[in-house]
Amino acid sequence: MAGSLGILAVAAALPEETRPAAELLREEGASVSPALLERLGVQSVHLARGQTASALAVEAARRALDAAGADPASLDLIVDYSTLPQEMLAPAWNMSNKIQAELGAKNAWTVGFSGAGASGLLLALDCARAVLGADEGSGTALLLGADVTIPGNRVLNPENPVAVMGDGASAVVVSRAASKHRVIGMRLRTNGANHDAYRIEGGGMTNPLREDLYRLCLDPARAPEPKMFQSLAALCGDLLADSRLRRSDLQQVIYTDISNEDRESLRRIAEIAPGGMAVTGLVRRGHVQASDLAFNLQQALAGEVESPNGAAGGRGPLLLCSHGFGFTFGAALIER
Amino acid sequence: MNKAIGILAQAYYLPAATRTAAAIFQAERIPGTPLAAAVDFRKDLGIDRVHVAEGQEPSALGLEAARRALAQASLDPRELDLIVDYTSIPEDFVAPTWAAAGQIQAALGAERALAVAVNTGGCASYHVALKYAAARMEDDPQCRTALLFSGNKAPASNRTYYPITLTCDSGGAFILKRGEERRTVRSVEVSTLGELHDVWWVPGLGGRKPGEPASERLLHMHSDMERFNSGVIKINLFMFRKVMRAALKRAGLTMKDVNCYIYPSFSTWDQKSFCTGLGIDPAALYTDGLRGRGHLQENDMVANYQDAADSGRIKQGDIVMVTTNGAGFTWGAAVVRH
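Protein sequences appear in the order of chains A and B.
All residue numbers for the first sequence refer to this note's numbering, where the first residue is 66 and numbers rise by one.
All residue numbers for the second sequence refer to this note's numbering, where the first residue is -12 and numbers rise by one.
Don't take every hint at face value.
What the hints assert, rightly or not - Per label pair, the in silico range of CB-to-CB distance:
no. : chain 1 : residue 1 : chain 2 : residue 2 : range
1   : A       : Asp136    : B       : Glu98     : 28 to 34 Å
2   : B       : Thr7      : A       : Pro85     : 58 to 64 Å
3   : A       : Glu103    : B       : Glu203    : 52 to 58 Å
4   : A       : Pro216    : B       : Arg65     : 54 to 60 Å
Claimed, not checked - Covered stretches of chain B, going by a simulated chain A footprint (3 or more residues, C-beta under 8 Å):
no. : region
5   : 6 to 13
6   : 80 to 86
7   : 212 to 224
8   : 238 to 246
9   : 302 to 312
To be clear, the hints were calculated from the coordinates, so they are not data collected in a lab.
Note that the structure is a prediction, hence the values are computed from the model and not measured.
Yeah, the Cβ is synthetic: ideal placement off N, Cα and C, and Gly gets one too.
Bound conformation, chain B alone:
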């Protein structure tokens, strides 16, 4: 980044109600047979419970997180120049015709802001939105402050992404400010492998088979596990290494300079694989969010970063690597000097 852009504030919102993983596995009929010799999905996932939004739309979760981030920053919404919605699963109304960005703009009274929504990246939509917003702030001198937010709510009976993770409803938001000296975004890297576009998908009413009636199952996340294993898994660590090294190179740093890794809360075995495969000290990876809330889609980045900072795991001046993968297929890495 040529101009200093920092994360002024970040916040997340989890609905009060929770459900245990065991209850969800039973309700969603998740198999109890071991995935592999060393992995039992239900026992070894590492998630005890997740939060569940009752009577709230996805946009309401994003709005609550946005309000918390603004309060933390003591920022008047009328000072916002840009709002970017980076929600990655089905929203209140059908996309790409609609997105929650304008609704949040209106609800906050952020009259001056340009409200847009990115709809690519899956869980790496955090990085897609960050890369876009940072570039726009560099490009336009009038664009000084940006709010990025996301609101995710799982459709009924679709909390388990078997055999990957268990999802939690959440809102996440962070505020970027030009000239902010704390949590400066040093670089953002995004890489997509389009041939893997059909590994994870949501059909929607537009993707149903001829004569198929409307059902909530059409909003469920679908997956092709054979393609996941033969396509994504085969290249996953290579792509993580690629985006992280590229982001570090842009920032003039190397892997040795990274003090803390902020990474999605998928499962214990995924976190272990990430560390083992890339030679990362497990102590450098923040994993505390997994057990009590599960996977927050792209909001894992916001929640894990904020919790790691609040708990003292990240100290002023530390180099933080925020990285994830997501549907599309997309890999993202951002280097932040805390």
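Just chain A, same shape as in the assembly:
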């Protein structure tokens, strides 16, 4: 990894309205039980009522830029890591351009990525590191993701719920010049066989008129399954080896908020000690796609989450990781 960068600021924007997960599960036909609620680990999620994903993204971006003390005009690059359908259909339209205009980031160019799911932030970090390293300019980028669920599609696979999805946006300001929170290592890999494990079948060119299929689904035959967690654990192991670190050197493992069950599966397969993964916002936010990692990173950098040994605020590196439901696997090491 030739280029390097550090994180100047992370910010979130969550709609004010919240609703209990149990209500949403019932509305979408799931059979609600204490065991299900324990397995999912979500009490409530935020709901955008009439607020667009791009409006949330602008809010998060402004907060992140303020926290970083960065003028939007100083941005060289804007990277969109959103997962869910936007106001208009990608790739013909992408909200990063609208956000560029609303922020007045007149010197930036925009790039968005599709298909990385919950690992989108890691892909965006990787892109920023490479592009900022290759270009002239101030070397500052804004990474952002904003997701508003399809109406009636807050529960992933209601017949056997995998996650309860909330709305929200996150933004991360990174710079080559940042002296702290440096990204010291990164690994990404994809398994093309699972390209369609997480998808919306209706509304694209294959099924343009199938409104009934216009909802996010996870193929239960392919995810979640043990191999997915094994692959992520192996990727994290390779990254630690790259950096000559051991798992015990990590201050915290920051992971995606899909469910308690998902988190426990990774913890068990990756042989992380009980309590060894940072406790995050799953309970009150649910799964907000790739923004989960940003929200949890924000809390970790602020010392607001518990570390593996229960002592918050240590100086060891953070490990961010996500399995992207078996397609895009990513992990990054970040100095605290």
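Here the structure of chain A is known, so what remains is to put chain B in place on it, guided by the hints.
Relative to the frame of chain A, chain B by itself:
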């Protein structure tokens, strides 16, 4: 570029079936009234026919082009380190949740590759993908070979982007290799003007009005021609000049050094405007692709470059300027030493 990255191979695929422009204009009810005193859209566009994919998904077009590029390079897909999908119009399934990158990775058996998809730039997605891929190859010593591909298929009854062009279904692909001495990518420049994000768009099911039923029209390219004329046209040549000069400056060259311009196949009057407005000798602009196939979205770059090289219009050592604009709004320029 600090390290030599060259285009090892490039290929495109056009479905066998074709339709005449006249038949499409009739089916899509394109007006016959003159656009301006000197321009009659139907007569002066300069496109006779386009290719039409029947029974093939957009990703299948990209896959076929990718296979052709790999065959041309005699490259085993297992040697690929990076795959970048730069498709710019609606794909098989809904983006950004899904993209064809992983499907192509699986179909090719490119197990080692990282498969990603860029979803910005419109027709300039070629440049967005090239800039990203080249930067990543410079950054990561393990990333030596990259496949960039795109597969575009127009939704039913949406081949005419009136009054701009007529679109053709296509797949396009090119392979970048570190250390390749031919077709070296000397620089890539991308510039976006976000305030023009709403000039061209596809609503999708997510962009429909309350109560509006699903229809294929929701996958059609929509445009705001007033904003196009007052926003894009006003600044278009300035932006082309800006990105081309910046790309040339990075490469240590000037406009005088350019031997051939590879530019999109929109229309005869657009090509003329590009040359006249920027003082470019029309003989330096490759235009042969327009009449027989129309506009291939971002694959114009691949097809026009390859055809220009095959026909002898581009010779070894020539400086090639590959440039376009696209929805977003985006302008891109790449300098290649052939």
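Checked hints:
{"no.": "1", "hint": "A:Asp136 to B:Glu98: 28 to 34 Å", "verdict": "violated (44 Å)"}
{"no.": "2", "hint": "B:Thr7 to A:Pro85: 58 to 64 Å", "verdict": "holds (60 Å)"}
{"no.": "3", "hint": "A:Glu103 to B:Glu203: 52 to 58 Å", "verdict": "violated (44 Å)"}
{"no.": "4", "hint": "A:Pro216 to B:Arg65: 54 to 60 Å", "verdict": "violated (43 Å)"}
{"no.": "5", "hint": "6 to 13", "verdict": "violated (count 0)"}
{"no.": "6", "hint": "80 to 86", "verdict": "holds (count 7)"}
{"no.": "7", "hint": "212 to 224", "verdict": "violated (count 0)"}
{"no.": "8", "hint": "238 to 246", "verdict": "violated (count 0)"}
{"no.": "9", "hint": "302 to 312", "verdict": "violated (count 0)"}
Violated hints, in rising order: 1, 3, 4, 5, 7, 8, 9; the structure is consistent with all others.
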